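Undergrad: Spelled out from the first residue to the last, the chains are:
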Amino acid sequence: MNRVYKLKLILWTVVGLAAAVGAARFILGLGATTNLSDVTPWGIWIGFDVMSGVALAAGGFIMTATVYIFRLEKFHAIVRPAVLTAFLGYVAVAVGLLFDLGLPWNIWHMIVFWNPHSPLFEVGWCVMLYLTVLTLEFFPVPAEDFSALARIRRFLLKFRLPLVIAGIGLSTLHQSSLGSLFLIMPYRLHPLWYSPILPLLFLISAIALGMMMVTLESHTTAWLYRRKPETEALASLGGAARWVLLLYLAMRFGDLAVRGQLGYLFAPGLHTAMFWLEISAMAIVPAILFSLVRVRRTRGGQWAAAALGVFGVVWNRIDVGGLAHLRQGAQFYLPAWTEVAISAGVVAAATLAFLFFVERFRVWEQRPADPDADPLKLPEFDKVGMTWLGVPVVAARTVYSLGFVFAAALGVALIAPQPASSRGVDPQSSHRARGGPILWIDGNLNGFGVAFPHEKIEQKFGGDASCVYCHHMNFPRDRASGCYECHRDMYLVSDAFRHDWHASPEGAHLACTQCHPAGQPRAAAGAKACTACHKDMIPKGTTIQVKNYRTVGYVQAMHELCIGCHKSIAKREAKPDFARCATCHKEDRAVTDAGGPAFQPPAVRGILLPPVPR
Amino acid sequence: MSAWIEFGRGPLFRLAFCLMVLGLLRIVLLTVVGIVEAYRRNSDRIVPWKAVARQTLGWLVPAGRLWRARPVYSTTSLVFHVGLLAVPFFLAAHVLLWRGATGFAWPGMPQPLADWLTLLTIAAALGLFCGRAFHRGARALSRLQDYVWPALLAAVFAAGYICSHAGLGAKAYQQFMLVHIYLADLILVMIPFTKIAHCVLAPLSQAVTAVAWKFVPGAGDRVAATLGYANSPVWVAQARSGAAPPAPAPKAAAKELVAK
Numbered sequence: 214m215n216r217v218y219k220l221k222l223i224l225w226t227v228v229g230l231a232a233a234v235g236a237a238r239f240i241l242g243l244g245a246t247t248n249l250s251d252v253t254p255w256g257i258w259i260g261f262d263v264m265s266g267v268a269l270a271a272g273g274f275i276m277t278a279t280v281y282i283f284r285l286e287k288f289h290a291i292v293r294p295a296v297l298t299a300f301l302g303y304v305a306v307a308v309g310l311l312f313d314l315g316l317p318w319n320i321w322h323m324i325v326f327w328n329p330h331s332p333l334f335e336v337g338w339c340v341m342l343y344l345t346v347l348t349l350e351f352f353p354v355p356a357e358d359f360s361a362l363a364r365i366r367r368f369l370l371k372f373r374l375p376l377v378i379a380g381i382g383l384s385t386l387h388q389s390s391l392g393s394l395f396l397i398m399p400y401r402l403h404p405l406w407y408s409p410i411l412p413l414l415f416l417i418s419a420i421a422l423g424m425m426m427v428t429l430e431s432h433t434t435a436w437l438y439r440r441k442p443e444t445e446a447l448a449s450l451g452g453a454a455r456w457v458l459l460l461y462l463a464m465r466f467g468d469l470a471v472r473g474q475l476g477y478l479f480a481p482g483l484h485t486a487m488f489w490l491e492i493s494a495m496a497i498v499p500a501i502l503f504s505l506v507r508v509r510r511t512r513g514g515q516w517a518a519a520a521l522g523v524f525g526v527v528w529n530r531i532d533v534g535g536l537a538h539l540r541q542g543a544q545f546y547l548p549a550w551t552e553v554a555i556s557a558g559v560v561a562a563a564t565l566a567f568l569f570f571v572e573r574f575r576v577w578e579q580r581p582a583d584p585d586a587d588p589l590k591l592p593e594f595d596k597v598g599m600t601w602l603g604v605p606v607v608a609a610r611t612v613y614s615l616g617f618v619f620a621a622a623l624g625v626a627l628i629a630p631q632p633a634s635s636r637g638v639d640p641q642s643s644h645r646a647r648g649g650p651i652l653w654i655d656g657n658l659n660g661f662g663v664a665f666p667h668e669k670i671e672q673k674f675g676g677d678a679s680c681v682y683c684h685h686m687n688f689p690r691d692r693a694s695g696c697y698e699c700h701r702d703m704y705l706v707s708d709a710f711r712h713d714w715h716a717s718p719e720g721a722h723l724a725c726t727q728c729h730p731a732g733q734p735r736a737a738a739g740a741k742a743c744t745a746c747h748k749d750m751i752p753k754g755t756t757i758q759v760k761n762y763r764t765v766g767y768v769q770a771m772h773e774l775c776i777g778c779h780k781s782i783a784k785r786e787a788k789p790d791f792a793r794c795a796t797c798h799k800e801d802r803a804v805t806d807a808g809g810p811a812f813q814p815p816a817v818r819g820i821l822l823p824p825v826p827r
Numbered sequence: 158m159s160a161w162i163e164f165g166r167g168p169l170f171r172l173a174f175c176l177m178v179l180g181l182l183r184i185v186l187l188t189v190v191g192i193v194e195a196y197r198r199n200s201d202r203i204v205p206w207k208a209v210a211r212q213t214l215g216w217l218v219p220a221g222r223l224w225r226a227r228p229v230y231s232t233t234s235l236v237f238h239v240g241l242l243a244v245p246f247f248l249a250a251h252v253l254l255w256r257g258a259t260g261f262a263w264p265g266m267p268q269p270l271a272d273w274l275t276l277l278t279i280a281a282a283l284g285l286f287c288g289r290a291f292h293r294g295a296r297a298l299s300r301l302q303d304y305v306w307p308a309l310l311a312a313v314f315a316a317g318y319i320c321s322h323a324g325l326g327a328k329a330y331q332q333f334m335l336v337h338i339y340l341a342d343l344i345l346v347m348i349p350f351t352k353i354a355h356c357v358l359a360p361l362s363q364a365v366t367a368v369a370w371k372f373v374p375g376a377g378d379r380v381a382a383t384l385g386y387a388n389s390p391v392w393v394a395q396a397r398s399g400a401a402p403p404a405p406a407p408k409a410a411a412k413e414l415v416a417k
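Chains as they are written, first to last, in the working numbering: chain A, 214 to 827; chain C, 158 to 417.
Rather than coming from a laboratory, the hints here were simulated on the basis of the structure. Just so it is clear, the structure is predicted and the values come from calculations on it, not from any experiment. Here a beta-carbon is modelled for each residue, glycine too, at the ideal position from N, C-alpha and C. Misleading hints may appear alongside valid ones.
[Stated by the list, open to error] If you want a taste of the chain C side facing chain A, the calculated C-beta under 10 Å gives, among others:
id, residue
1, Leu176
2, Gly265
3, Ser321
[Claimed, not checked] Below 16 Å or equal to it, Euclidean Cα-Cα: the simulated EDC-like pairs (lysine to aspartate or glutamate) are:
id, chain 1, residue 1, chain 2, residue 2
4, A, Lys753, A, Asp677
5, C, Lys328, A, Glu719
6, A, Lys219, A, Asp595
7, A, Lys753, A, Asp691
8, C, Lys328, A, Asp713
9, C, Lys352, C, Asp303
Full structure from sequences and hints, please.
TA: Dropping the structure here:
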């Protein structure tokens with residue numbers, strides 16, 4: 214059990230969980246698997262997968278520029294891993310974006326249908342082109358091992374300089390354009406983050422992040438494979454990163470001062486705390502650590518500064534991408550666990566690909582040796598089953614696949630099956646009509662209702678005999694049960710028959726065979742009708758025939774009940790106004806009903822609707 | 158109690174079912190990769206693929222072969238397998254559950270047929286259990302899971318049968334249903350990690366043997382000839398009578414064969 218083995222087991226497990234969640238995302242849809250909504254359509258997938266992914270991959274263009282343009286040869290050993298990180302980072306961005314897009318199969322549209330006014334159009338094109346450039350830049354590394362590809366490799370190496378230049382151009386373009394995306398929302402982004410120079414801030418922070426990411430990656434893999442890190446070269450890189458970070462700090466605070474928003478720095482609240490934590494982690498502390506020469510030259514110092522910086526910039530992107538947006542409407546966005554799982558899975562898959570490339574090809578000067586690959590090593594027994602799982606390769610894949618399978622099954626178990634398409638309406642139970650001779654029909658208790666002259670109409674149509682004109686189904690031994698008893702939701706269909714109550718020991722305690730015939734599958738279709746036992750459930754002479762026990766929503770039931778008669782009377786007696794909405798919907802009891810439930814504005818899927826003008 | 162039932166047929170069932178499907182896929186993939194690697198590593202790549210295919214397909218329906226040696230056992234085993242596969246997949250109530258959860262459905266079997274198959278399966282499972290427990294040779298070869306499996310399957314089938322038949326009150330019904338559901342979930346989880354994995358590995362077992370052990374056609378005869386037992390049914394003779402094996406043929410003949 215070496216470090217690489219343990220890490221890969223964890224990564225495969227995370228990928229397994231993400232695979233299940235990813236499948237659910239494409240089968241059930243975004244609504245069922247995310248906390249995204251029309252109010253907060255961008256969440257952690259944009260902030261972390263896309264914006265942080267692009268920024269983390271900035272090391273690619275910085276290192277190629279350093280070595281191939283500025284000819285600083287001492288950084289040569291870091292170029293290949295940096296380009297590989299950038300390449301995998303951009304692949305991860307593309308994959309992560311496919312999860313976030315509502316219609317991912319339309320991603321090719323931006324190639325054909327141009328919208329040059331949109332920053333997203335520019336970002337899309339740049340990412341696409343830069344991914345191609347990175348592929349061509351990295352391709353010669355794996356091609357070294359295949360003699361058949363030697364000619365292509367030589368051909369590509371001739372174009373290295375133009376490719377590097379193209380990469381720098383494309384990178385600087387879209388690193389800043391990711392900031393431009395947020396220029397459109399000055400009233401949505403918190404003033405501590407919104408700035409007209411957001412594109413510039415994004416570019417500068419990406420350059421600093423690129424250097425810190427290269428450092429972090431070098432040290433982490435050095436620890437993983439027990440190899441010697443390029444500490445000396447990284448120390449000079451840290452020295453350079455210090456100046457970029459100081460420039461960034463000056464620009465960030467200068468911008469706040471120029472915009473007159475310095476007051477927010479000390480306003481108590483969640484956003485202020487987030488800002489200070491973010492700016493300390495991404496710039497202040499790393500800048501200090503990189504400035505201290507004694508710290509800069511040690512492995513620990515470099516690692517700590519780089520790790521803090523990477524964490525800070527990623528947090529900055531997540532803040533700008535969603536967390537630092539001012540609260541709109543009734544909802545506050547926090548990513549669902551499924552969103553986090555997919556983000557983690559994309560990162561884990563990219564890491565596994567990175568480890569594969571460094572183990573299989575000559576990304577570093579020396580390929581890392583697997584401690585388990587020593588032919589003289591004694592077999593090691595599996596800690597759990599005390600069995601020998603075979604040679605290390607076989608043992609590894611046996612255990613990795615087990616981790617993957619368990620995590621994927623867990624993911625499927627945790628995701629509740631939901632309808633593939635949202636009905637757009639939250640469940641909202643209905644309530645009984647209040648009052649006596651005049652009934653106040655206001656099912657959702659929101660103050661907007663209809664005053665229904667129950668007694669007057671009852672007398673007009675013949676007293677007790679007229680009940681059955683409207684009341685078409687009663688509870689056992691009840692007369693004229695209220696509408697809300699069966700039409701239980703305002704808008705959704707509900708079930709008038711309560712199977713759980715009839716079949717539970719605490720309820721009716723019936724045996725299955727008392728309703729379901731023997732020798733047949735127990736479905737609703739073959740079961741006894743309710744009236745077989747409840748003889749008085751359907752009143753005699755009712756005008757409304759009950760066909761099954763699925764009841765329509767309260768609103769629909771009320772409207773269908775009233776409007777039919779009103780329409781025929783309007784026609785018969787030539788009173789066209791009698792069937793108009795305002796004939797019944799004219800009273801607003803919200804004010805007079807002060808003792809009743811508090812006024813609740815209507816809401817559809819958490820979005821507040823504007824109140825009806827009085 | 159009904160909350161526990163819902164949990165058993167909801168999240169827990171999804172977990173168990175996915176573990177079964179993915180777990181079976183995993184062992185098939187690992188086995189195929191293992192076969193390919195072993196084949197590549199071999200210096201001698203002559204594998205009797207046709208004989209392997211014939212053996213594999215032949216053993217998929219073992220009736221013809223086992224009939225002669227152990228007719229009672231093979232018939233019981235066949236009935237057991239048919240019931241085991243047909244009832245859970247085609248019971249109308251199960252099909253209804255699938256339709257409710259996924260929208261997909263397939264024709265279910267008539268209830269009387271399901272009833273008879275269930276009873277036959279329970280009887281066959283008990284028969285197999287007894288055959289293993291009361292036969293000295295079988296007992297020597299058996300592991301714990303060999304006893305647990307027939308008992309477990311008989312229990313699940315019995316609980317399901319009681320639920321669908323006896324005019325139980327709501328409480329007793331829920332108790333038997335709880336047993337049925339949780340045992341079924343346990344079975345699904347155990348499938349890929351115990352000997353029931355043969356449901357997907359059986360078609361591969363002959364190929365594994367052929368690649369790993371290099372049994373080329375006629376290999377047994379050549380081994381016997383090398384040892385000097387050409388044309389003598391040595392194993393059968395020993396097993397049946399316990400008599401000493403016939404004397405080996407002269408060494409010269411063996412040397413000649415090896416030289417060939």
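Undergrad: C/Lys328 and A/Asp713 were given as a pair; does the straight-line alpha-carbon distance stay at or below 16 Å?
TA: holds (12 Å)
Undergrad: Next pair to validate is A/Lys753 with A/Asp677; report whether the Cα-Cα distance is within 16 Å.
TA: holds (13 Å)
Undergrad: Against the 16 Å threshold, does the CA-CA distance of A/Lys219 and A/Asp595 hold or violate the hint?
TA: holds (13 Å)
Undergrad: Hint C/Gly265 vs chain A: min CB-CB distance below 10 Å?
TA: holds (7 Å)
Undergrad: If you draw a straight line from the CA of C/Lys352 to the CA of C/Asp303, is it 16 Å or shorter?
TA: holds (8 Å)
Undergrad: C/Lys328 and A/Glu719 were given as a pair; does the straight-line alpha-carbon distance stay at or below 16 Å?
TA: holds (9 Å)
Undergrad: Would the hint linking A/Lys753 and A/Asp691 be met if the CA-CA limit is 16 Å?
TA: holds (13 Å)
Undergrad: Measuring from the C-beta of C/Ser321 to each C-beta in chain A, is the shortest one below 10 Å?
TA: holds (8 Å)
Undergrad: Going by Cβ atoms only, is C/Leu176 closer than 10 Å to chain A?
TA: holds (4 Å)
Of the numbered hints listed earlier, not one is contradicted by the structure.
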